[in-house]
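Chains as they are written, first to last, in the working numbering: chain Y, 1 to 729; chain C, 1001 to 1190.
Among the clues, some could well be false.
[What the hints assert, rightly or not] Label-pair distances were calculated between CB atoms; the ranges are:
no.: 1; chain 1: C; residue 1: T1056; chain 2: Y; residue 2: D594; range: 34 to 40 Å
no.: 2; chain 1: C; residue 1: D1068; chain 2: Y; residue 2: G128; range: 37 to 43 Å
no.: 3; chain 1: C; residue 1: L1086; chain 2: Y; residue 2: S19; range: 39 to 45 Å
no.: 4; chain 1: Y; residue 1: F91; chain 2: C; residue 2: T1056; range: 18 to 24 Å
no.: 5; chain 1: C; residue 1: N1157; chain 2: Y; residue 2: I57; range: 38 to 44 Å
Think of the hints as simulated: they come from the structure by calculation, not from any bench. In this text the structure is predicted, and so the values were computed from the model without any measurement. Note that beta-carbon positions come from the ideal geometry of N, C-alpha and C, so glycine has one too.
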Amino acid sequence: MGKVHLEIDGKPFEAEVGSMIIEVADLAGIYIPRFCYHKKLSVAANCRMCMVDVSSIPKAVPASATPVAEGMQIQTKTEKAVSARKSVMEFLLINHPLDCPVCDQGGECELQDLSMEYGDDVSRFTEGKRVVKDKNIGPLISTDMTRCIHCTRCVRFGQEVVGIREMGAIGRGEHMEISTYIEESIESEVSGNIIDLCPVGALNAKPSLFKARAWEMRQSPSIAAHDCLGSNVWVHHRRGDIIRVVPRENEAINEVWLSDRDRFSYQALTEGERLLKPRIKRHGEWQEADWQSALSFVASEMKRVIGGSQGKNFGGLIGNSVTTEESYLFQKLLRGMECNNIDFRTRRRDFSGDGRSSVRSGFNFPMEELDHMDATLLIAADLRHEQPLTALRVRKSTGFGNAMAINPFDGEYNFKLAHEIQPDPHFLAQEFARVIVAADKLNPDVLHAEAKEWLNGVESELVHEEIAKKLLHGEKSCIVLGVYVQEHPQAQTINWLAESLASITQSEWGYMTQGCNAAGNKIAGAVPMQSAAGGKSKAGKNAKQMLLEGLQGYFLFNCEPDVESVWSKEALNSLNNASFVVAATPFADGRALDYADVLLPIAGCYETSGTYINVEGTWQSFAAAVKAPEESRPGWKVLRVLANLFELKGFDYESSEQVINELREKFDAAGENKVARKIPPPLMQVNESEVSRKSLGLYQVDSIVRRAKALQQTPKASTHPISVSRVTT
Amino acid sequence: MTDLSYDHKQHLKTLLPEPAINEIDHWIKKYPPERKRPPIIAALKVVQEHNGNYLTEELMQAVGEYLDVPQIAVFEVATFYSMFHLDKVGKHVISVCNNISCSLRGADNVIEQLQNRLNIKLGETTDDGLYTIKTVECMAACGGAPMLEVDKVYFENLTEEKVDQILSDIAALEIAKQKKPADLSAEVKK
């Protein structure tokens, strides 16, 4: 692309041919008012607010829809430009209600801001204003359609970014309204973004409606805790209460978007039933206790169970969405007590890969690259419900490239699939193997003899060859394994197949993980086969063994295995039969009330400082946005104090930074630990009835999301057999 | 994955006779296959004609499925153009233009006269189900303002007498039940 030279407000700039005036001005930091223009959406040029004065053109032109040209002289503040904007503003305000004092957008409203500059004090319009009936589009978004100025950002977002058009402009002229088809609620898993896109108060967040004014809130940067991307967010809070969560721009991770799950999950913390004081169960009755007595009780009971069995009869299970610091201290504490039964993988069935120590995160290529793939092969990846924002990225790539899927379950895709295979879940690995056989035919020099022998007898068909061809011939291609793959009884086989296929077709490959911090948990050493940073460890029991064998004692750290484990029934049984269960949790509901003996109130996300390591291996640290309520404390502090009670050495941390720095040093010293995958055992039909069960539903993934009220009222909440009513006993 | 055995095109086929489907297919073929939205207008016109001059939710949904466009896209078109009716209308829909040219040339009088003669308000249908009056946006006949359209025929340069004449002609037609509305224009133009 060539360059052109132009002047904006007298300053010379160089710009790409084909870019619009407003893009160049934005890059240069010259603000041009706009309502309908958005850098991530197509140009609509229907609000006419961005009028600028171009020397060679007699009339003012919209900066968002006027491409730059050589020698263009643009003035953004001449009378011609300003009077054009003033006229536009007069028209916009004709039908806009004067209800800013009761509008949630007031104080952060683009229309309000710009009307200060371009609006008249007195309206010349004396006729009646139009009134538009509000629509009910679901529990997440409130509508005040009289305020709508028809910028159509929300319509274009659905059509272009999400790929599922739910909103549209119905009617005509004065009667035009933005609406869904015959009052339907919006079903998209990223619908909340239209709240941010709306430049006025027509679309607002329903859960935070009328809770606070924009200028009363403070914002703290944080990291969202519900999928393995680690989307960047701002937490808006007032006097220590979280009011809402909005996206923080990070092009490499979440761009400018946020999934509804990350946006509205905070409701569990503000409106859920919180555990506010430590509790001890005495003679079957829950009694509130102070921290000291609760922790001493935990210490003595743990000593009893661990000491009596040399650590063999006690197990520690940690949640998928705890901070790396908590995870690191958790394993350090238990290992310090000579107990190596530590795990976070309560949804794993195949532990055959545990012998090789590895600190690899799921992806070894940047997530951003998904935008540019010529070919993407999805294996059992229901991206829209697992990592909603990656589905938007893959959708971008299908503009020029191909997306293909092998998925045993009914996937919902917001992009076109070039090929789709739906094998029986028992034969997922077998079906995938056929693609490798096809790829091996096309490029036979990569796979070594042993692997070829392994694949002997597997036949490929035309569709497998087509998939292999697209992966091989695409300049950039990748294979993405969904969360379900790691839950499959042949997870290791499928991982090996993906790695092998990637090497044949010169593709990238990566696997998605449950929760926001699976990589962090692994690096922290919250697994039985390796300690922190891939260090050596004595053998311990994994999650499956702990839950199925039934131990005497359990330490559950923000983990509800009775709900979130693939062994949930067995887990409940084991927990009920254990002689001592301590649960550190932010919530005072759920079955922990039945099976636990001590409840320790810990902070939820946004209430603790910490670090999440996302699926690409990016370490993202954050400070607490608000203080945890009443007696609840950040998890890392609880673990540190508990370790002191055991008189363990090396627990004198004063901040979570010290914890993460200690781990980071170990991690950097260990270097990259590359261990080749072993050839898996021969392919067999998986003989487990559990195999057909899907991964956790969109709004079931962790203890916080499961208790987020508004999310649980959406149509998407009911797509999974585990319902909230079963969570709260 | 959506149920592949469900043919999205089937539903409309059960609602319309074959010639109507063929007519819609004829319009679809006029546009490149990846451009799915242009035939919406033509399809809705055909569907409306076969449904007593109005559209239902079921029909609009079926059109969306048949053309493989989002429901809302069909709904947008159906609500934009005044020639599409979303509620049951009379046998003869009298559409009066009240845009600027017609307005300046006395469209309000025409509307007033129609309301009085038929004893209904704008947007209403007479009890016998024969007439509906409504206002529409510019029909590109400003040269003959004020104007109205009824049964696809334009009547221009309206006067009180002319409007009376149109109404009595339609009434006569209904009584006779012999002539088609198309013949009407020939008569009026005489």
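Now the hints, each set against the structure:
Under the hint 34 to 40 Å, the C-beta atoms of C/T1056 and Y/D594, about 53 Å apart, miss the expected range. One distance hint, 37 to 43 Å for the beta-carbon pair C/D1068 and Y/G128, holds here, with the actual separation near 41 Å. Range check, C/L1086 to Y/S19: Cβ separation about 42 Å, and the 39 to 45 Å hint holds. Take Y/F91 and C/T1056: their Cβ atoms lie about 36 Å apart, and the range 18 to 24 Å is violated.
The given range of 38 to 44 Å is respected by C/N1157 and Y/I57, whose C-beta atoms sit roughly 41 Å from each other.
Violation of the numbered hints given earlier is confined to hints 1 and 4; the remaining hints are satisfied by the structure.
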